[in-house]
Every structure is written in C-alpha cells, then in structure tokens.
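Build the full structure now, drawing on both the sequences and the hints.
For the sequence shown, position 50 matches number 49 in numbering that gives the first Met the number 0, and the numbering has no gaps at all.
In case anyone wonders, no lab produced these hints; they're calculated from the structure.
Honestly, I wouldn't trust all of these hints.
Derived CB-CB ranges, DEER-like [stated by the list, open to error]:
| # | residue 1 | residue 2 | range |
| --- | --- | --- | --- |
| 1 | 185 | 37 | 57 to 63 angstroms |
| 2 | 147 | 88 | 23 to 29 angstroms |
| 3 | 227 | 184 | 29 to 35 angstroms |
| 4 | 162 | 199 | 38 to 44 angstroms |
| 5 | 81 | 222 | 32 to 38 angstroms |
| 6 | 179 | 221 | 30 to 36 angstroms |
| 7 | 248 | 40 | 30 to 36 angstroms |
| 8 | 204 | 165 | 20 to 26 angstroms |
| 9 | 80 | 252 | 24 to 30 angstroms |
| 10 | 37 | 269 | 48 to 54 angstroms |
| 11 | 162 | 99 | 20 to 26 angstroms |
Each computed DSS-like pair below joins lysine-lysine, with the alpha-carbon atoms no more than 27 angstroms apart [stated by the list, open to error]:
| # | residue 1 | residue 2 |
| --- | --- | --- |
| 12 | 80 | 61 |
| 13 | 155 | 114 |
| 14 | 95 | 114 |
| 15 | 95 | 80 |
| 16 | 61 | 95 |
| 17 | 80 | 114 |
| 18 | 155 | 179 |
| 19 | 155 | 96 |
| 20 | 213 | 179 |
| 21 | 179 | 95 |
| 22 | 80 | 96 |
Note that the structure is a prediction, hence the values are computed from the model and not measured.
Don't be surprised by glycine CBs; every beta carbon is placed ideally from N, CA and C.
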Amino acid sequence: MWSKTPSGSFDRSTLRFAFSRCSTCRSPLRSNPFRMASPPERIGLIAGTGSLAVEFASRARKRGFDVAAVALSPDIHGSLKDLVRTIVHAAPTQPKKILSFLQSEGIRRIGFVGKVDKKILFQGLKFDFEAVRFMFRTKNLADVTIMDAVIALAEKNGFEIIPQTEFLDHLLAPEGPMGKRRLTAAEIEEVRYGFAMAREIARLDIGQTIVVKKGAVVAVEAIEGTDETIRRGCALAGAGAIVLKVARPDQNTRYDIPAVGPETLRVAAEGGASALVVEAGTTFMLEREALVRAAVAANIALIGWTGGEGK
0 MWSKTPSGSF DRSTLRFAFS RCSTCRSPLR SNPFRMASPP ERIGLIAGTG SLAVEFASRA
60 RKRGFDVAAV ALSPDIHGSL KDLVRTIVHA APTQPKKILS FLQSEGIRRI GFVGKVDKKI
120 LFQGLKFDFE AVRFMFRTKN LADVTIMDAV IALAEKNGFE IIPQTEFLDH LLAPEGPMGK
180 RRLTAAEIEE VRYGFAMARE IARLDIGQTI VVKKGAVVAV EAIEGTDETI RRGCALAGAG
240 AIVLKVARPD QNTRYDIPAV GPETLRVAAE GGASALVVEA GTTFMLEREA LVRAAVAANI
300 ALIGWTGGEG K
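Next up, the structure:
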C-alpha cells in the first residue's frame, strides 16, 4: 500500500493518497482545536440620563460587544455598571476627560445616548479647557448646533459615531393606534393641524413637543423639556388638550432622537390630555408595554402618526 522510492522516501502517488485521506490536512483551520476566537469589538457609550442608555448597553452586550461607558450623571452610572466592561463618571463639561478615557480603552466607535439637560450651560459648572474652547467656537446654544459641534470634536479625535438606531431601532413607534382608544373625527383635525405646527417648530430647532387645543398652539417646548411643556400646556388648555412630539425634518440619527415613555404619559394624564401623538418611525417608545398599559388606564389615545389618518 505504501510504496517507497529506491532512496527510501515515499513516492508522489503515495503522498497524494495520504493527503486525500487526511481531513486535518485538507481543513487545518476547521479542525484546529487551538484556533483562537476573535475578540469582541469594543465600543464606547456616552450616556445621559434615562432608560435609553441602559437599553443601548443591554442590546450591545447581547450582540457580543464590549462596552466602555462614560456616565454623565451619578444616577446612570449605577444603572450601567453591571452591563458594561468599564465605566467612568464625567460631567458633560469635561470633554478632555471623556475623550482621554475612550482613547485609553482603544475605542473607535462611540454612541451618544440619553438626555443631557442643557440648563447646565447656564448654571456655573466648572468647564475644562477643551470645553471652554468648544463654547467659544460654538456660534449659539441651539441643540443641533451644540450636538453637531460635539460630534465634529469626536470625529476630529478619530472616533466614528454610531447611529442610535443601530441598537435601538426596535423602539421606534409604529404607525397607528397603540392602545384601545381611537381619535375622534374632531381630534383627527386637531392632530393634522398640530402635526404641521410641530414639524415647523422642530425645523426651526425650537423644540419637538407642542400642546394644542381647538386649533391653537397652547405650549411649545423650549429649554424646560417635554414634561414641563406638557404640564404648562395642559394647565393652560384644560382637559382635552392634545400632546404631539415629532422629529426634526433633518433629524440626525446619531443623537437626540425624540422619545416618550410611561412618565410622559403620566404627565399627560395628570394634565387631562386626550391624546399623545408621536411621529411614527422617528420616535422612540420607551418601555412600550408599560406605556400602552398607562394609555389604556388613562383612556388616552396613543398614536403613531405620519401625516395620514393614523387614527
């Protein structure tokens, strides 16, 4: 079976036969028990307050990513510590510390997720040198201006920004009703009007939430945020007001995708609102099951709207 040449070595036909019978020779990588698996990709998370950052970290972990997180508040630090590989606390006014940490962790891709209260810019917090230079270069304090400048700073330092929808697309609002209650014919007309007004206000980068009643805009979101806007609008309008939340027409999915959750619904219910309408496909629904249950319990129409009927 095994033929040798006069010199004592195996001839070519014998070697070819032996090689053809050896699965290890044919597929050395497949059968090598010592082959090392590729390490998981490490990504960075700059986390503001709220449940979005926790959901982002959880989904990334389930998909096999290692997460290095920067917690912008002590509260979110406690919520994230068991979901990430490493975590550090830094104020939003400490960009030098944030960038240095991410670079030391070997991070190349980072996500911005969660709420950062813009009021900190007016409250005398300590700014590091990089933050002071950043503020002087920023032409105004509009949300889009600030975040575009933050992203430009991150990219200048070699980071790629992860769209929030890469890990959170399952939270986007569907079109149509999400609870039992439907809009009445009169409410549909109110929503049509309010949706157009909200989109224009968002386009101007004033805010993304408005309250309407009887064909009038009663409240517009400014620096106080969504919940305070709803409280103010419902207090002025009384029972039956409609709350609308939309995205900007050119919404950047890398930051600040609008979101509503059970707390939003609770505030609307306390104010006597009859409907909470969000832009479908562009608004995150936080804790959706709890949100829908709260809408049903309060008899509030919870609607995803795209400009059609959506009733």
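Going through the hints against the structure:
Between residue 185 and residue 37 the beta carbons are some 59 angstroms apart, a value that agrees with the proposed interval 57 to 63 angstroms. Take residue 147 and residue 88: their Cβ atoms lie about 25 angstroms apart, and the range 23 to 29 angstroms holds. Take residue 227 and residue 184: their Cβ atoms lie about 31 angstroms apart, and the range 29 to 35 angstroms holds. Checked against the hint of 38 to 44 angstroms, the pair residue 162 and residue 199 fails, with Cβ atoms roughly 25 angstroms apart.
The supplied range of 32 to 38 angstroms is met by residue 81 and residue 222, whose beta-carbon atoms lie about 33 angstroms from each other. Evaluation of the 30 to 36 angstroms hint for residue 179 and residue 221 yields a pass: the beta carbon distance comes to about 33 angstroms. Between residue 248 and residue 40 the C-beta distance comes to about 33 angstroms, which sits within the given range of 30 to 36 angstroms. At about 24 angstroms, the CB distance of residue 204 to residue 165 agrees with the hint of 20 to 26 angstroms.
Distance hint for residue 80 and residue 252: a CB-CB separation of about 27 angstroms, consistent with the stated range 24 to 30 angstroms. The given range of 48 to 54 angstroms is respected by residue 37 and residue 269, whose C-beta atoms sit roughly 51 angstroms from each other. Taking 20 to 26 angstroms as the suggested C-beta distance range, the pair residue 162 and residue 99 conforms, at roughly 25 angstroms. Restraint check: the Cα-Cα separation between residue 80 and residue 61 comes to about 15 angstroms, which is no more than 27 angstroms; the hinted pair holds.
Distance check on the hinted pair: residue 155 and residue 114 sit about 23 angstroms apart at the alpha-carbon level, within 27 angstroms; holds. A hinted pair counts as satisfied when its Cα atoms are at most 27 angstroms apart, and residue 95 with residue 114 qualifies at roughly 20 angstroms. Taking the CA atoms of residue 95 and residue 80, the gap is near 22 angstroms; set against the 27 angstroms cutoff, the hint holds. Distance hint between residue 61 and residue 95 is unfulfilled; the C-alpha atoms sit about 30 angstroms from each other, more than 27 angstroms.
Taking the CA atoms of residue 80 and residue 114, the gap is about 18 angstroms. The hint holds against a cut of 27 angstroms. A distance of roughly 49 angstroms separates the Cα atoms of residue 155 and residue 179; the hinted pair therefore is violated under the 27 angstroms criterion. Taken as a hint, the residue 155 and residue 96 pair is honoured in the structure, with Cα atoms around 16 angstroms apart against an allowance of 27 angstroms. For a cut-off of 27 angstroms, the pair hint linking residue 213 to residue 179 stands: about 23 angstroms separates their Cα positions.
Between residue 179 and residue 95 the alpha-carbon distance is near 49 angstroms, which puts this suggested pair outside the 27 angstroms criterion. Distance restraint check for residue 80 and residue 96: the Cα-Cα separation of roughly 19 angstroms lies within the 27 angstroms cut-off, and the hinted pair is therefore satisfied.
Hints 4, 16, 18, 21 from the list above are not met by this structure, while the remaining hints are.
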